[in-house]
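Protein chains: 2
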Amino acid sequence: MEVSERTPIDLDELLEAWWVLSAADRLEGFRLLDSEQAEEFFASLSAHDQAALLMMLAPQERRFWLRNLAPDDAVDLLQELDEDERPALLSLLDPATRREVSVLMAYAEDEAGGLMSSRFARVRPDMTVDEAVSYLRKQAVSGVELETIYYTYVLELDQRLVGIVSFRELFASPGSRPVRDVMLTDFVAVPEDLDQEHVARVFAEYDVLALPVVDAAGRMKGIVTVDDIVDVVEEEATEDAHKFGGLAALEMPYLRTGFFSIVRKRAGWLVLLFLGGMLTANALAQFEDSIALLPFLTLFIPLIIASGGNSGSQASTLVIRAMAMDEVRLRDWWRVARRELGTGLALGSVLGTIGFFRIVLFPGQTAAYGPGAVPLLGLTIAISLMCVVLFGTIVGSMLPFLLRRLGLDPASASAPLVATLVDVSGLVIYFLTAAFLLKGILHAAAG
Amino acid sequence: MEVSERTPIDLDELLEAWWVLSAADRLEGFRLLDSEQAEEFFASLSAHDQAALLMMLAPQERRFWLRNLAPDDAVDLLQELDEDERPALLSLLDPATRREVSVLMAYAEDEAGGLMSSRFARVRPDMTVDEAVSYLRKQAVSGVELETIYYTYVLELDQRLVGIVSFRELFASPGSRPVRDVMLTDFVAVPEDLDQEHVARVFAEYDVLALPVVDAAGRMKGIVTVDDIVDVVEEEATEDAHKFGGLAALEMPYLRTGFFSIVRKRAGWLVLLFLGGMLTANALAQFEDSIALLPFLTLFIPLIIASGGNSGSQASTLVIRAMAMDEVRLRDWWRVARRELGTGLALGSVLGTIGFFRIVLFPGQTAAYGPGAVPLLGLTIAISLMCVVLFGTIVGSMLPFLLRRLGLDPASASAPLVATLVDVSGLVIYFLTAAFLLKGILHAAAG
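Residue numbers (this note's numbering), protein chains in the order written: chain A, 13 to 459; chain B, 13 to 459.
Accuracy of the hints is not assured; some may be wrong.
One copy or two, either will do: identical chains are not told apart, so a pair holds if it fits within one copy or between any two.
In silico lysine to any residue, SDA-like type, Cα no more than 25 Å apart, as pairs [stated by the list, open to error]:
(1) 277 <-> 406
(2) 277 <-> 347
(3) 277 <-> 349
(4) 277 <-> 339
(5) 277 <-> 350
(6) 150 <-> 193
(7) 150 <-> 181
(8) 451 <-> 300
(9) 277 <-> 59
(10) 277 <-> 61
(11) 150 <-> 185
(12) 277 <-> 344
(13) 277 <-> 420
(14) 150 <-> 139
(15) 277 <-> 244
(16) 150 <-> 190
If you're looking for bench data, these hints aren't it; they were derived computationally from the structure.
Looking at chain A on its own, in the form it has when it is part of the complex (with noise of 0.2 Å):
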């Protein structure tokens, strides 16, 4: 009864090594279910993979299994295949259906449109509280799979959206009021083609269980169900993740994505991130002088440029999660700069502070060049740190903003990313400051 004595430990199995298994294999271990565990099975299966079972299917078992979806999952399913291939199963639906199908996939399966039902319980605002509820009790009784009575949507002849009224509501008025007056005229709707994401923030917002989905003309297209929500904000936070993590969003759980795939999506920004990171290379090329001379200076290249891309990352998870979250908008850039330029300083003089008494107690070779010379390289570690990390702040909260305004997603702004960006400026600095404050030393050193 409770969830840990409940797992049907062979379907999990089956489902673990689908990815592994060969078309054929899949379709023989498909065969070996009964008919409820095929029917559990398909259902937990990605629409991708229900496709590719489908189409290894004899034609009259796909009627089967497609008559057995709900409307916005045979969309999805649908949506996997070739354009060409789609019209064949279309026709295998019954006629209602197949036209809420066809009205269901001009949407984009990322906004609202593409996740609604059109299955919702609706009266005309006229009819009394009585008429309403045996209007709906005959719904609910003719078998007509409403997503949801829980609310009632009133509708014009027109088909616009002028009020809702909860089955609660409606269950506790008097029977011979009319609806009108019963009904929620300030409530909240979606446009179709409103982002999931958005979608989710809605949700999130207003504490509702469903959502109605409206076109331009306020003409009511369909329902939303929280329970979807779930799912897109799961997915969303994972694809935000894996951006983050600097490589393609994965489609598939970890698990079930093939190898190559993952590979692939994998070695894209790896190489693109390899080929910027070339730039260290042709940066510390222009100072070989000084670190021929000074080879001490080599050891805190990988000290100073990781403070950089660390304080870097940070800024941009927070401003990333924020802008998913709409706390932080395109606007508030200005707002953000500020307070990172503060935190950025903060930041960057504890960890200058520190780098300064690391060099001063503890000098080890560097000694040698003179009694000067140590608290001088300390300045130079101390005032290095402080302007990367300064730095790679600024870079990890502004690149967000730049991409978001690119029209691109500010997810992009990975850790791996800022980190590369930060690795070449942060040279050029640490560089800079050497050649400047340990002149002196630089010119003993080559004399």
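Fit chain B to the supplied structure of chain A, relying on the hints for placement.
Just chain B now, kept in the frame of chain A:
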């Protein structure tokens, strides 16, 4: 009516400015609101800010605002206060709510018990459908604020949960049948101490609007509704994102977190990583002689360690996210390790090949070391990249398992932490490879 048209700007601005206002200004700003605005504003404050505001109000006002909250929200508020401030506030509640709040306060905020409400609809199994409907109707009309009437829970006299009947089912059933015959007995319930992340997974898997919470003996304690879960999922994703970005998770929206609080949350990890990063200086100090002899080796340090960090960040992202979604468990570590071994080899080969050709095609000053030097250096870079990427991939994918095994949050295997770990070992790999392959050139340079 649509979302875009419904922006109560003054409240939003007050909320955004809240964290910069002094206590006195907050109180004054709050007093300026009319009563309807004040209620909306109070409800949209975090529990932390609600508690702070409440304690500034006069005791007779406190009663009003506290009673205005749903029991679970009141619990959140009380948990923000010191132990000794709670009894006085608890005594302001009416006896029934006080009892409920006291029970809920025994649960941790982030487990099923801490999320649940005890205001659910309940019937006995031997009632008829008609009796149950009119019993529920009486409750709805009497104004008892049930969390949802859409599921009715069927309890024995000892509070054991024996079935669930959706209102829809009840509504569509013949009135004379006993509830026992129409209720669903194959339902999902969650234990009261189940972590909220797992509760969210159960919602996503079973697509229900509410889940019953039961104790070890199967007695029903309350329900968790799906609208609370959307918040939980977003909250958990934010926490994980912050940790992965290398900072302590913020509890409040970024723009509403105070400056010093943000600096503190970031400085902790930044300093730790900095101290860890100091090991890179020690590692490099071991190779100071090689660097002095062949300064061009320095040029590729940032490139090589960044490649290790980037591939590690990709691997840890994938594993952390898959763990958060329950797609990967502790016992899967070996499967993941094998996959990542293959992936690391593939990615390392790609970067190694590019690195090799980078050196051979644009040798720069390195050609000065003789005709054999260029391909040997190319090989050094290629082999180092290969090993570092493989090592980064393995560290990045296994660290989350290690953290979870130790009872820590796998999301702490952040991009910066993995990069820092890989930096030190990357340097050692690089210089050992160089010492081995470039032995001849090093000898010639030393001679």
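| request: State the violated hints by number, sorted upward, taking the hints as numbered earlier in the document. | output: Of the numbered hints given earlier, the structure breaks none, since each of them holds.
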